[in-house]
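**Q** Residues per chain, in single letters:
There are 2 protein chains.
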Amino acid sequence: MTAVSLEQKSAAARTEQPMWTRPEFEAQIRAVGPERYHDLHPFHHMLHGGKLNKGQVQAWALNRYCYQAAVPRKDAALVSRTHDRDLRREWLHRIHDHDGLPPEEPGGIERWLILTDGLGLDREYVISRRGALAATIFAVESYVTFVREQPLTVAVASSLTELFAPKIHKERISGMLENYDFIDDKVMAYFKRRLTQAPRDSEFALNYVLDHAKSRDEQEACVDAVRFKCNVLWVQLDALYNAYVAGNIPPGAFRPEA
Amino acid sequence: MTAVSLEQKSAAARTEQPMWTRPEFEAQIRAVGPERYHDLHPFHHMLHGGKLNKGQVQAWALNRYCYQAAVPRKDAALVSRTHDRDLRREWLHRIHDHDGLPPEEPGGIERWLILTDGLGLDREYVISRRGALAATIFAVESYVTFVREQPLTVAVASSLTELFAPKIHKERISGMLENYDFIDDKVMAYFKRRLTQAPRDSEFALNYVLDHAKSRDEQEACVDAVRFKCNVLWVQLDALYNAYVAGNIPPGAFRPEA
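Those protein sequences? They're chains A and B, same order as listed.
Residue numbers for the first sequence follow the numbering used here, beginning at 1 and rising by one.
Residue numbers for the second sequence follow the numbering used here, beginning at 1001 and rising by one.
By construction, these hints were calculated from the structure, which means they are not laboratory data.
Hints should not be assumed to be uniformly reliable.
Partner residues aside, some chain B positions facing chain A, computed with beta carbon under 10 Å [said to hold, decoys possible]:
#	residue
1	His1045
2	Leu1133
3	Ala1135
4	Ser1142
5	Tyr1143
6	Thr1145
7	Asn1207
8	Phe1228
9	Val1232
10	Asn1242
11	Asn1248
12	Pro1250
13	Gly1252
Positions of the beta carbon are idealized from the N, C-alpha and C atoms, including for glycine.
One chain only, chain A, in its complex shape:
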């Protein structure tokens, strides 16, 4: 799993394989989505298909807030690591996308809080992350740590789940608007905005990774980084499913009102 296991590959296992061509490398990256992107997860289908009650949607939004809140920190970690001014300049707008850029851009975290407001959750409680599942915190903070510690190109590659995001966001907007009377157009602003942001970002990051991976091992580490990131997303839905569908809510976590 992930770059961690790659690091542990024995010398013998590192067969002298030729580098993938640019199209082969891109195909390897794109193949990860259909294999393990979180649109395959049962909780995703329940969320979009109107199968959850309001308390379960609250739990999802509350936990997913932790992911949103981690993203600008992981982006800042990436910016902090590179001497490449062009990369810094390009990457920096991601932080504005999440944290906002006055006077006009409120940012994705603010849009997420409009969603949690709309679901009737207290803002201070959401922001405190007190009710989040420990599994959520571990997953999203592992993402921040990954970007801080892995080789730069591999860290960039971990953002490439954005290649798979527009489809899920479109499904989410139509599915949630259609199926839940407590969801309206206004609270879905986050996802609408991501429809234009994610493709622009992922195109840049994809080209960066295709250009900068300089060995087969590094190419494989980049593909593993996309798997790692899929795991970060999958674990969050597994934890939501176990806690709020199967009903095994861990000590200290958010409990929806009966």
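Assemble chain B onto chain A, guided by the hints.
**A** Frame of chain A; chain B shown alone:
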């Protein structure tokens, strides 16, 4: 949850409370166990009560290996952070306890591998962590990161789940020997050894924390660190339960033979 939320406490929420006395502080730490130590988790009861099949016990041992493998790295992180030679000297034996000290001490990780050998798992596969649940990796690596990043006294406090361990180890030894014909005395060596190691270690760490926390906020952060560590353990059992009892095995994770 954990020191993370403490860091986010608003200034207003930090009421000027008096420091706990030494006995009060110790009682606060010890109260975390009955509230959320993983001996309360259904998977724990199933494991000790003989309710799991061999594949489920394999999954437990394979995932728990990742925790064992993280422990000496988190201990080295702690040793690397302190200028206190006495603390380093005391703490260093924990690394030997896990990694071994030739010629006589094989170490806890080797004892754990004797357990996974006994369960019929391939050593190379176990050590590679390829089949581990992503949730396991995120949890145990979050523990390493916590010890690397939190204030030193708080990092020491996160080890204090050892106060609650001897009871669980005793239950484990008798329960597993009694209930599983694929478990014998030899493979339970890890837990027998921990019966003497854990109390010695936890006594030192407890006194260190009681002596070094210098404000009520720091005392509370230490109690939160014990909660954090309980979460690290709890999340592992939640993930095992969801994958191997409820049957929701994530992509890429270990699949027991039918």
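**Q** Determine for every hint whether it applies to the structure shown.
**A** Evaluated hints:
1. The restraint placing His1045/B at the interface with chain A is violated, with a minimum CB-CB distance near 13 Å, outside the 10 Å limit.
2. For Leu1133/B, the interface hint holds, the least distance from its beta-carbon to any beta-carbon of chain A being 8 Å, beneath 10 Å.
3. Among the interface hints, the one on Ala1135/B holds; its C-beta lies about 5 Å from the nearest C-beta in chain A, closer than the 10 Å criterion.
4. At about 4 Å, the closest approach between the beta carbon of Ser1142/B and any beta carbon in chain A falls short of 10 Å, and the interface hint on this residue holds.
5. Look at Tyr1143/B: its Cβ gets to within about 9 Å of chain A, closer than 10 Å, so that hint holds up.
6. Taking 10 Å as the C-beta contact cut-off toward chain A, the hint placing Thr1145/B at the interface holds, the least distance being around 5 Å.
7. Of the supplied interface hints, the one on Asn1207/B is violated, with its beta-carbon coming no nearer than about 27 Å to a beta-carbon of chain A, more than 10 Å.
8. With its C-beta approaching chain A no nearer than about 8 Å, Phe1228/B sits inside the 10 Å limit, and its interface hint holds.
9. Interface restraint check for Val1232/B: the shortest CB-CB distance to chain A comes to about 8 Å, inside 10 Å, so the restraint holds.
10. For Asn1242/B, the shortest C-beta to C-beta distance to chain A is roughly 4 Å, which falls under 10 Å, so the interface hint holds.
11. For Asn1248/B, the suggested interface contact is upheld, since its CB lies about 7 Å from the closest CB of chain A, less than 10 Å.
12. With a least beta-carbon distance of about 6 Å to chain A, the hint placing Pro1250/B at the interface is held under the 10 Å criterion.
13. Against a cut-off of 10 Å between C-beta atoms, the interface hint on Gly1252/B holds, since the closest Cβ of chain A lies about 6 Å away.
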